[in-house]
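One-letter residues, chain by chain:
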Amino acid sequence: MRWMKTWLVVALILAFATAGPGLAQTKLKVGFIYVGPIGDYGWTHAHNQARLIAEKTLPIETLYVESVPEAQVEPFIDKLIQQGSKVVLTTSFGFMDGTLAMAKRYPNILFGHASGFKRNPNMFTYMADFYQIYYLNGLMAGALTKTGKVAYVGAFPIPEVKRHLGAFALGVRAVNPKATVNVRWLFAWFDPAKAKEATEALIAEGADVFAFTEDSPTVVQVAAKKGLPSFSHYSPMQRYAPQGVVSGQLVHWERIYVDFLSKVLAGKYNATNLQNVDYWWLLAEKAAEVGGEFGVPINPVWVSKLQAAKVNTKEFGTLSVYDLVMRRLAQMSKTPVAFDPFTGPIRDRKGVLRVPAGHTMTVLELTTMEWAAPGIVGPWPKEP
Amino acid sequence: MMRVGPFEIERRPDPPLTWILGVSLLAILAAMAMSGVIFWSYGVDPLRAYGVIIRGTLFNAKALPEVVRFAIPMLLAGVGLVLAFRALFWNIGAEGQILAGATAATWVALFSPVPDALKLPMMFIAGFVGGALWGFIPALLKLRLAVNDVISTLMMNYIALYLVSWLVHGPWKGPEMRGFAFTNEFPPAAQIPLIAGTRIHWITLVLGIALALGVAFVLARTRLGFEIRVQGESSDAARYAGIDPMRTTLLVMLFAGGAAGLAGVGEVGGIHHRLLDPNQISLGFGYAAIIVAWLARGSPVAAILTSLFLGFIFTSGDVMKVALQMPARVTDVFNGLILFWLIGSERLLFYRVRWAPGRAVREPLPVGGAGADPGPPGISGGDQ
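Going line by line, the protein sequences match chains A and B. Position 299 of the first sequence, counting from 1, maps to 300 under this note's numbering, and the rest follow consecutively. Position 6 of the second sequence, counting from 1, maps to 12 under this note's numbering, and the rest follow consecutively.
Since the hints were derived computationally from the structure, they do not count as laboratory data. Being a predicted model, the structure only gives us computed values, none of them experimental. The C-beta atom is built at its ideal place from N, Cα and C for all residues, glycine as well. Possibly wrong hints are sitting among the right ones.
Unchecked claim - Where chain B lies over chain A, by a calculated footprint (3+ residues, C-beta under 8 Å):
#1 44–55
#2 80–86
#3 322–330
As the list claims (entries may be wrong) - Listed below are the simulated EDC-like cross-link pairs for lysine to aspartate or glutamate, each with C-alpha atoms no more than 16 Å apart in a straight line:
#4 A/LYS311 / A/ASP324
#5 A/LYS383 / A/GLU371
#6 A/LYS150 / A/GLU201
#7 A/LYS227 / A/GLU198
#8 A/LYS306 / A/ASP324
#9 A/LYS383 / B/GLU182
#10 A/LYS335 / A/GLU286
#11 A/LYS179 / A/ASP209
#12 A/LYS57 / A/ASP260
#13 A/LYS119 / B/ASP51
#14 A/LYS227 / A/GLU206
#15 B/LYS68 / A/ASP79
#16 A/LYS287 / A/ASP260
#17 B/LYS68 / A/ASP260
#18 A/LYS119 / B/GLU191
Unchecked claim - Not everything, but these chain A residues come out facing chain B in the computed CB check (under 8 Å):
#19 PRO38
#20 LEU64
#21 PRO76
#22 PHE77
#23 PHE94
#24 PHE118
#25 PHE157
#26 PRO160
#27 PHE188
#28 PRO346
#29 VAL378
#30 PRO382
#31 LYS383
Whole structure, please, built from the sequences with the hints as guidance.
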């Protein structure tokens, strides 16, 4: 009966298992649930950086789980709460219903859900959005294209990406009314191989400036190899192509996390008053930043080219694209903003009037936007 | 029989149960020792790690039902695979069959005029038919055109994956979901009831156990079962005996695909309540079911145990991620090591190593004398 011995070993391990450490917690414990790996250099990486900053700034303790499948958010929330979390933040749209169900099951725990639209007295929503920055990037791209074809490698044809692409295309056309924005879809948030393929295909089509939504610096690197300019996405990617990256989009989720959690610590937010708390934070709140590197809105390598390009605008007369970008940036960094790219009249690429004159798109209109802005070339699933 | 130094190695076609359990436990312990080194180098005390894993899964009221929740799809797909492997049809396509079942069930739930009372039964029937159809195509290709079943079933997975992706981004995208790639939520009548406080959709679980017992009965006690077993042992013998390989293979694959299809119904009807990104619907259950069937060694009843074991493996990784704050990759390595050792130790089961230093070698054996392949154990080793 040799195998009896192995049973004995297992029994010993079980005995070990039941003797757990009893920990007394005084700091507020905050649990984060991520949809991707923290090393993705995109969405999840940025949330994790923000978590670390929040932990340094505030007297809190944090836990995180990465690569959580959408339907597994409920058991993971259970586990985070068992580990002592009093606040749980979930960072993917697909976590919405699971987070809401758990918010109802644990009325004394505070929940936050990024990018969704369902709330509860103990569950708020938050989003740091880039559309203003894509507009600024578009202005620069319009000035830099020689072929008149600007490329966009898109992750998924969903409203968030369509909105960013739309703002980007409006920017391109504001400077270069004849330019097109050629689109390729990856149907993945992280897929360097497909991103490389898409970039090469767009180069073959004649595109010579690149912007994208994908959680790796692939597009930047492939474009740089051909000596073509690109715009960094989500994380600081200028370091991957110091000559190639013109500008880009950077996020500061910590602005939201620190604001919310300090209000929780101060007793302002609790499990009964979050029903209407919805952070939709942009440039003015400093949740988003323009640039391919923190603190560098435009790569100095490209400044002179943008200063040499002139554009005629109704509002400012003739000025350089560099000055136009800086003026628009200043306008959008004010509260309330003095400029919004989605102010009518705007027709879509089929000629249908989408934003009437004098109207600026509301947050709901922005988050449900399906139409394609003029100048966009390529497939557009669910085009209205 | 073969000699290696002072040892004698001989075949043992029917290992006793104690030997099987003993070798498997040793394999698990070896895997734990090996991953212990990884934990230790990551800075976590291995014994504490195992304690946390076992306490967090088997001794945790919230986590234990999750083991069953994961086991359900792998049991259904696994029972189908046991049968397919017994008939020597190498079905790698359970993943696609799961998706086909999920898609068919979604059509019934959201787009068919079926009255509420019949929704659930119709979803299960449609899911079975959908999965069966997905399994039927490669079976027909093999029988008629001698297309390799491993390749064709594997490729059918990708077809199903892109089909689901197209549906949720295109025609089935739900108007309630604000443009995100999900269908609308299933109406309450199309949601499979859960055991209170858990995510065990019990109807699917009962179906899985019933199918496991049913297949065991068919294999052991019916003419069809006899034909499947003979064909699995030797297709030549089966032909001499007048067994129609067309009939048995098609029946087997209709069942295997259908069972996997039921697993898909359980996932969308019991867990997600909608169709969504294919990689979120099935977390690789169709591939994990191959291991379930392999470890079950041709016995459908044993698949109940092996699917629970795989369920434990899935949940143990989750516990490590939260309670030990380990990166997802480290937990994947741990899971991989356990399965690697279990499958790797398989061959050990069918050989006996004996200490016999005194006996001289009478005649030199041909190289590979001991390598007389006993065949995949699932085919000849089972006794159901």
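Verification of the supplied hints:
no.	hint	result
1	44–55	violated (count 0)
2	80–86	holds (count 4)
3	322–330	violated (count 0)
4	A/LYS311 / A/ASP324	holds (9 Å)
5	A/LYS383 / A/GLU371	holds (7 Å)
6	A/LYS150 / A/GLU201	holds (14 Å)
7	A/LYS227 / A/GLU198	holds (14 Å)
8	A/LYS306 / A/ASP324	holds (12 Å)
9	A/LYS383 / B/GLU182	holds (14 Å)
10	A/LYS335 / A/GLU286	holds (9 Å)
11	A/LYS179 / A/ASP209	holds (15 Å)
12	A/LYS57 / A/ASP260	holds (14 Å)
13	A/LYS119 / B/ASP51	violated (41 Å)
14	A/LYS227 / A/GLU206	holds (14 Å)
15	B/LYS68 / A/ASP79	holds (7 Å)
16	A/LYS287 / A/ASP260	holds (12 Å)
17	B/LYS68 / A/ASP260	violated (33 Å)
18	A/LYS119 / B/GLU191	holds (14 Å)
19	PRO38	holds (6 Å)
20	LEU64	holds (6 Å)
21	PRO76	holds (5 Å)
22	PHE77	holds (7 Å)
23	PHE94	holds (5 Å)
24	PHE118	holds (6 Å)
25	PHE157	holds (6 Å)
26	PRO160	holds (4 Å)
27	PHE188	holds (6 Å)
28	PRO346	violated (23 Å)
29	VAL378	violated (19 Å)
30	PRO382	holds (5 Å)
31	LYS383	holds (6 Å)
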